[in-house]
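Combine both chains into one complex, guided by the hints.
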Amino acid sequence: MSNKGRIIRVAGPVVGAVGLSFPRLYDVVRVGHLGLIGEVIRLAGDRTTIQVYEETAGLRLGEPVISTGQPLVVQLGPGLLGQIYDGLQRPLTRLSEISGQFIERGVDAFPLATDVPWPFAPRVQVGDAVGPGDVLGVVPETPVIEHRVMVPVGVRGRVSAIADGPLTVRDVAAVIDVGCGQLREIRLVQTWPVRQPRPVQAKLDADEPLITGTRVIDAFFPVAKGGAAIIPGGFGTGKTVVEQSLARWSDVDVVIYVGCGERGNEIADVLEEFPRSIDPYTGEPLMNRTVLIANTSNMPVAAREASIYTGITIAEYYRDMGYDVLLLADSTSRWGEALREISGRLEEIPGEEGYPAYLAARLSEFYERAGRVRCLGTGRDASGGNPVPRIGSLTLVGAVSPPGGDFSEPITQGSMRVAGAFWALSYDLSRRRHFPAISWTQSYSLYPLKRWYSRHVARDWSDLVGEAIALLQRADELEEIVQLVGPEALSDNEHLLLMIAQMIREGFLHQSAFEGEDRYCPLEKTYWMLKAFITFYHRGRRMLDAGQGLDAVRALPARAALARLKEEPAENAATSIKALVDQLVEGDA
Amino acid sequence: MAESRPSLVLKEYRTLSEIRGPLIFLNRAAGIAYQEVVRITDPDGVMRLGRVLEVSGNHGVIQVFIGTAGLDLKRTRVRFMGDVARLDVSPAMLGRVLDGAGQPLDGGPPIVPAASLDINGSPINPAVRAHPSEFIQTGISAIDGLNTLTRGQKLPIFTLSGLPANELAAQIAAQARVSGPSGQAETEPFAVVFAAIGITHREVTFFTEAFQASGTAERTVVFINRADDPSIMRLYTARAALTTAEYLAFVHDQHVLVIMTDMTNYCEALREVAAAREEVPGRRGYPGYLYSDLASLYERAGRIRGRRGSITQLVILTMPDDDITHPIPDLTGYITEGQIVLSRDLHRKGVYPPIDVLPSLSRQMKAGIGEGKTRADHAPVAAELYALYARGRDLRRLIAIIGEAALSDEDRLILDFADRFEREFVGQGQTNRTIDETLDLAWELMAMLPRDLLTRIPERMLQQRVWAEPDDTERAR
Ligand SMILES: Nc1ncnc2c1ncn2[C@@H]1O[C@H](COP(=O)(O)OP(=O)(O)OP(=O)(O)O)[C@@H](O)[C@H]1O
Ligand SMILES: [Mg+2]
Chain A
0 MSNKGRIIRV
10 AGPVVGAVGL
20 SFPRLYDVVR
30 VGHLGLIGEV
40 IRLAGDRTTI
50 QVYEETAGLR
60 LGEPVISTGQ
70 PLVVQLGPGL
80 LGQIYDGLQR
90 PLTRLSEISG
100 QFIERGVDAF
110 PLATDVPWPF
120 APRVQVGDAV
130 GPGDVLGVVP
140 ETPVIEHRVM
150 VPVGVRGRVS
160 AIADGPLTVR
170 DVAAVIDVGC
180 GQLREIRLVQ
190 TWPVRQPRPV
200 QAKLDADEPL
210 ITGTRVIDAF
220 FPVAKGGAAI
230 IPGGFGTGKT
240 VVEQSLARWS
250 DVDVVIYVGC
260 GERGNEIADV
270 LEEFPRSIDP
280 YTGEPLMNRT
290 VLIANTSNMP
300 VAAREASIYT
310 GITIAEYYRD
320 MGYDVLLLAD
330 STSRWGEALR
340 EISGRLEEIP
350 GEEGYPAYLA
360 ARLSEFYERA
370 GRVRCLGTGR
380 DASGGNPVPR
390 IGSLTLVGAV
400 SPPGGDFSEP
410 ITQGSMRVAG
420 AFWALSYDLS
430 RRRHFPAISW
440 TQSYSLYPLK
450 RWYSRHVARD
460 WSDLVGEAIA
470 LLQRADELEE
480 IVQLVGPEAL
490 SDNEHLLLMI
500 AQMIREGFLH
510 QSAFEGEDRY
520 CPLEKTYWML
530 KAFITFYHRG
540 RRMLDAGQGL
550 DAVRALPARA
560 ALARLKEEPA
570 ENAATSIKAL
580 VDQLVEGDA
Chain B
0 MAESRPSLVL
10 KEYRTLSEIR
20 GPLIFLNRAA
30 GIAYQEVVRI
40 TDPDGVMRLG
50 RVLEVSGNHG
60 VIQVFIGTAG
70 LDLKRTRVRF
80 MGDVARLDVS
90 PAMLGRVLDG
100 AGQPLDGGPP
110 IVPAASLDIN
120 GSPINPAVRA
130 HPSEFIQTGI
140 SAIDGLNTLT
150 RGQKLPIFTL
160 SGLPANELAA
170 QIAAQARVSG
180 PSGQAETEPF
190 AVVFAAIGIT
200 HREVTFFTEA
210 FQASGTAERT
220 VVFINRADDP
230 SIMRLYTARA
240 ALTTAEYLAF
250 VHDQHVLVIM
260 TDMTNYCEAL
270 REVAAAREEV
280 PGRRGYPGYL
290 YSDLASLYER
300 AGRIRGRRGS
310 ITQLVILTMP
320 DDDITHPIPD
330 LTGYITEGQI
340 VLSRDLHRKG
350 VYPPIDVLPS
360 LSRQMKAGIG
370 EGKTRADHAP
380 VAAELYALYA
390 RGRDLRRLIA
400 IIGEAALSDE
410 DRLILDFADR
420 FEREFVGQGQ
430 TNRTIDETLD
440 LAWELMAMLP
450 RDLLTRIPER
460 MLQQRVWAEP
470 DDTERAR
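These protein sequences, in sequence, are chains A and B. FYI, the numbering for the first sequence is 0 to 588, going by numbering that gives the first Met the number 0. FYI, the numbering for the second sequence is 0 to 476, going by numbering that gives the first Met the number 0.
Calculated directly from the structure, the hints in this document are not laboratory data. Heads up, a few of these hints could be off.
Computed, partial: chain B to chain A, Cβ under 10 Å [said to hold, decoys possible]:
hint, residue
1, L52
2, R176
3, T199
4, R201
5, E245
6, I303
7, D321
8, T324
9, P358
10, R396
11, E458
12, Q462
Some, not all, of what chain B presents toward chain A, calculated at C-beta under 8 Å [said to hold, decoys possible]:
hint, residue
13, R38
14, E53
15, P122
16, N124
17, A273
18, L360
Glycine residues also receive a C-beta, built at the ideal position from the N, C-alpha and C atoms.
Chain B on its own, in the form it takes in the complex (with noise of 0.2 Å):
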């Protein structure tokens, strides 16, 4: 991106004349540039960044990346650089430790780097985006048989504190292929961006010996930083994940999958900017923008044509009460492809992963199924799943109400359907499952029932199968 940079020597300014929260307010800053990245120097001489976020007449708002304790007004010293905020990028970034700045925390060599980019990047031409539409096998039934997710989708996690999101995150890491239309899995693995934004010390080891154990570290970069770290990083550590999984799919040709942990640590350090800043405050306190500033980050996702690379985006938030339309998870919700949603009544009844289908979809997965792709079966099965499901958890809330002796024997049956599709379908633990075995898994359950509840399938499929022997021939079709 072509920004003028002016070549005059870099001048240093004395001028604060208020420091609030993460925020130092400069006067008789002439020439200085919005975004632009500053350079402060503190009282005993130590340097750290900042940002600008907005110019005025000829005082600028900064932006103090690592918090303002330690400033003062008279002796703090400030150079504008004369560019946005960049990131040094590398291939040799895969296997790295890395905090929100792109330096080391792994002990290791800085990296060399190859090209420096802008992080907040710039946004794909949707003209040239290719729809996302390659089955990804995550070797979970209720994400692949249900919710599929696609190579250049963007899905989040919705998950409640205490339930084992992580666990699935890094599962999903170790376990997500691309498979072929043969349904064979493709060699090829996924090389994996994880940001960990405000997570705690035990998470973030949790992340990075699950990494190890599987096998994913090296092709593997982590950006960290951690509850304790300044929250201002936070809004740079998922800007530099995304700008290096931008890098490595887009320059070199790799299918990169990003994960995000949490997203609420992320929209509260936007929030904390915006109440410094006095902003009208939206809904809950959070400013008005963090929908757009929000699709500036899941929008990072996606398939380019004539590129080989692809970004998948899984992002965990945790959400804020319990709650769905808290506008963390409900902005998200309206800018990802789907959701993924955790329940802490599966987790109660020991269902892992404790995956909620009936809140959960995927947006994308309608291209990435069917014949050629998965199975001819697989969308048919999924509506069907849905609906029995579904009909289920409504009669379990009726017999709460008005007792089981109401119920018919129609609904006796959707009952254990239901109850054998939490623990054997959803519920499937460590398991790594094929999507045959998937989708064979879900006839033999629906074989339970009668025929003629089967209404969301076609009279030919339903035909096809060997009503009494559900895992028969398909598989070698």
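Bound-form chain A, shown alone (with noise of 0.2 Å):
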């Protein structure tokens, strides 16, 4: 018996092995002299076929192949937080200092720092039952996140020792004593391999939104924490500037940030601007919360395919500590695409454009990993008295690049199945340099948000939004008929409501990302702002019933007060729209 063969096929990042004795699918193998790494996925007879992580060239037939007998894990601990990985974990600023600028192949380290000293707080002591969930002590990973050292999945006993004190993630944080006599050493760091999900002990129901700081998001198309949302657009519509500025506003613990065969550029941006941005919730710089996986679109593409999920792993065990994660994944149709090139390498017989008959399934089983959940184990309060429930949630935002920009291929379409929020860039908003260029007409909803939002905002929230909504999309609808006919067709009523979704579009739907003040809109104003754009239609419609004509409506001072709203500071909105509101209420404005 031996765990070694030798390479019969080699056709870009796919290879063909003989001679491995038996090999188990997704086991990691190495390859070849340099010992890339790759991991089996398909078994005929003798054969074994590998995905390669790496550039295959320079590869010969006959070299060997290594099986590690193991599957692809993450490695999970304290110091993942503010790291940059590779698609593999591999820990890419620790990967330069070994190997330079560029990557070379064959190169690995180990993904968390092990000679920081970790100052371990025991939550439990010698002699405590404890089972898979548990917390058995925790560490200050960073200022906001105190990170919870868990009992592994499948372990259960009692506690023999425990720890106190300066810890490297290798050290034994206690011993269990799982029966038998026999003893369970468990250290600051674990291991879970990334195809698999981990458990919890329940799915609870989605109905508190994540918010967000952006209106068109918070106000219209909200997604639920613990759910999912995805961003199909074409080129430059604006995916990653979302994405980027959810990982900046969204009111969550934790941000994994995947960046999938997408722009190296982009990483640097977020690399230089993250240590340095400041988290609106917790007034920690935003890398403090934050992890990227970069799999840069000049990265082996089979590698691309792991990148999803080796993030969707790291945030499931953040959720499983009792946190609010936001995985955030861009872009996910990079992801279909490795598939698909890997599928055809494989010779499989191809599905719709190619892409293998498994998508939609693969494309599920992801979205499937979001969810509002009872962790496994309890907490104990600080005083290490009584437990109580876990609560986490782990929110997933994927962006689609549809070819063309045309929505009907297989990636928008599978994940428009299983994802309950969609948010539709539009070239034509984009174009315009309208953004978020987020489409009022064809993106929605699917999440019971209105309880949450009246009883935490106001009780009209709902209405306020319907009636906006339903607004501009009688104003598209208008728009068509002025495109045909002229303007001249229109009743004085139906010019008033195009003036007001102009304005709405101008003042309340347009937020640039970039600039100061409008980058991040609390709930708060985002709710007062659309309640005065509101008023003043309502305003307009009695100035118009009582015979006073549009262009009085458009002489309103509070017109450009309007147009203005969003440079208002955020502190004082509240306090500043509603003297605007009242005023129109009361007609002197």
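Printed below as a string of structure tokens:
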């Protein structure tokens, strides 16, 4: 018996080997003299097919292939936050210290710093009964995130030893007597196979919105915490900018940003910006809550496929600690294309547009890993006393890059079926530099969040939103009529509606991701802005009814004020906009 | 890169089983490597180069760079060279004209190699990239003002057959400068690496003469693969150019501007190889890995932290069927940091450069402009110009249907603005404008409109401008 085989075929990232005994599907193998990392993706007779995560140029027939007998895993422990990894969780900063500014092959490094002492504070005592997910102790991973060291899945017993004080990730934090005289050592670092979802106690309803600070999302098409949203759009329509705004401003604890088959310069942008940008919720640098996974478009295609799974497994791990986690994937299309490319090299029968038949299944498996959950295990309150249930959530937001911007293609369609929020980017809006170019006619959200908004923001929230969306849609219809027969065909009321729609588009929906005050809009300001526009509309209707004519409405001083509401500083937005609304109601603005 | 080089004597094979398109298939070729370079000796004893595209069992698929004409199954010999394709590079390449393999075409001596580099390069570690943020002044208002280029960016020009994309590229190569914070152009110009990929003799002549005329020639390396040269060499010409650029930028600290034209020819060569291998075709017959392949070229632009040099890419591609959703422009747009789109309509109106700013975009713009880089008013002015011009274009469509009578006074003003914007701002002809001149012209055009139409410009900036006299004190600042 040997775990060593030899190469009999090389075609791009796909390598065929014979001679491995008992290879298992998804085992990690080392390929060739350079020991390139690969994964078994097909078994047939004596023949093992491997997808290789590094460039295969120079591999020779007959070179060895060695099985590790292990699936592809990630290392989970303190020190993940603030890091940048490739699709296989290789630490890119560390790699650059080893092999320079270009990524060389066969280089590897442990994903976590092994020499950092983490001040471990125990949360259990010797003799306590513990089970999977129970928190053994905590370390302050960053000023904002307490890293909870949990009992691994499958381990149950009594604590027979527990550390207290500084530990490195490889040190033993606790020893658990699992019965029959068997002891299990638990370290700060644990592993988990990336292709396997981490278990939870129960999935809960997702009934609380993810607040993003982007008005069109928060007001019109919110995604629930634990839900999934997709952002399809042609090139340059603003997917990456939306994803990066979400990474900055969303009210979550941890953000995992997966740059999957996209630009190196975008990663550089995040890496330069996030350490010096401040999280509005905690006042700490954003990098302290962020993990970056970067497998850019020029890095090997198979690792692009793995990067999505590496990212989501890390996200689930923080969810299991009881945090709200947001995973951003830019772009899921590149992942799908990686599947297609590998499938093509395997000479599988292609499905729609050359994608493999299992594409839709892979997409739904992925989006199903989102959710608001009751985590395994119980937490203890700060005194270490009473057990409390731990709730965590994992929200997924995937960019989709449809060829030619045409949404009828398989990845958009497959993702639409499983994601509850759909933020369609419009080529037409982006050409006009109306950003975010989220179409108000094509987008939707299926999450039942009305109750939350009416309870936490304002009772008339959904009425305002409903009226605004209806108004915008009606305006689009009217504009088509104008295109056909000219503006004379419209009544004054219709002209008013067109005018208001234009004001809402410019003054409310348009939101630059780059300019100071308006980059982030708190929910309260969003509400008052919307209320102001709708109140203005009602005022205009009353004036027309009273026979005052459109020009009188146009001349209202409030009109100019509305156009500049965005610039209103967030702190006093509520008071100042409310004053404007009151004036509009009373008829003296 | 550490390739394992077998020390055994290079063995020669005469086991060709098939010749198909640009490919030869070889039997009983144990121990060959994927992507290895081969030497093929034809029945007349003449040597040509090729590369292994696939190895399987004991046979190999080999791509022959200059084509398979004249090869046979019996007498053709193949020798494996034990290494991947490399290019000999040296700083002395500046001023030279070479073919895709790096052989001189200018009658000069061969390049004495200072290094021999894998033409595929290696990916830049994203963790060490520096975000491109230094403003490049091209002298062209539609670019500098509205689609600003930065050092280390990759920006394609999407053109249509018959439009002056080459003129524009040559003009940029001659004029491009990096401006310092004071708005003064840095004296150090770009080194230019120019790759002619499958273009006509006439176009090659145009570029070489333009480089001579503008004094760019001695800081330029020219790689030429003409339309009538073997198409497979197009795949190598692009890589040779980028390998040279990386060498000049990251070994010799130069700021390099790479111009590649025409990427459509490159993609067609790629499709030809895919078809010969009978691969499952993707959209419009192009291979499914076209995105990854193009990315392996375009992503070789950039800056690296702690290194002085940089690679900026300007690639030209002709949109087949005038269609921007065709896979070549589409996938390019998904990889590059924006695009400059040329318009036949503007060209017909006599506007040069005929840049349609609405579908054009530079994603690095925000990082490269503003206070200390260009001017504080740059971003809002650009946003305003866009919004106004977009409205003007809508109105033009509208009057085409319903006539001018229905227009309001405001509409008429905006229409006039759009006309002047095209004629004066975009249609600058051969002039070379500083960024100040570009932005001042923008204010001058906006001054024809009532103030409250300019909603994208913050109130305080409007107040700063003396409204009646647009080109005022801003420059004195
Ligand atoms: N919210 C916004 N505010 C201001 N500008 C924006 C906004 N969204 C997008 N843009 C502009 O649009 C450009 C393109 O956006 P982005 O890079 O996000 O596109 P994309 O959809 O990710 O494209 P690709 O698929 O090619 O990656 C940005 O560089 C920026 O200029
Ligand atoms: Mg993007």
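Contradicted hints - numbers only: 2, 3, 4, 7, 12, 13 and 17
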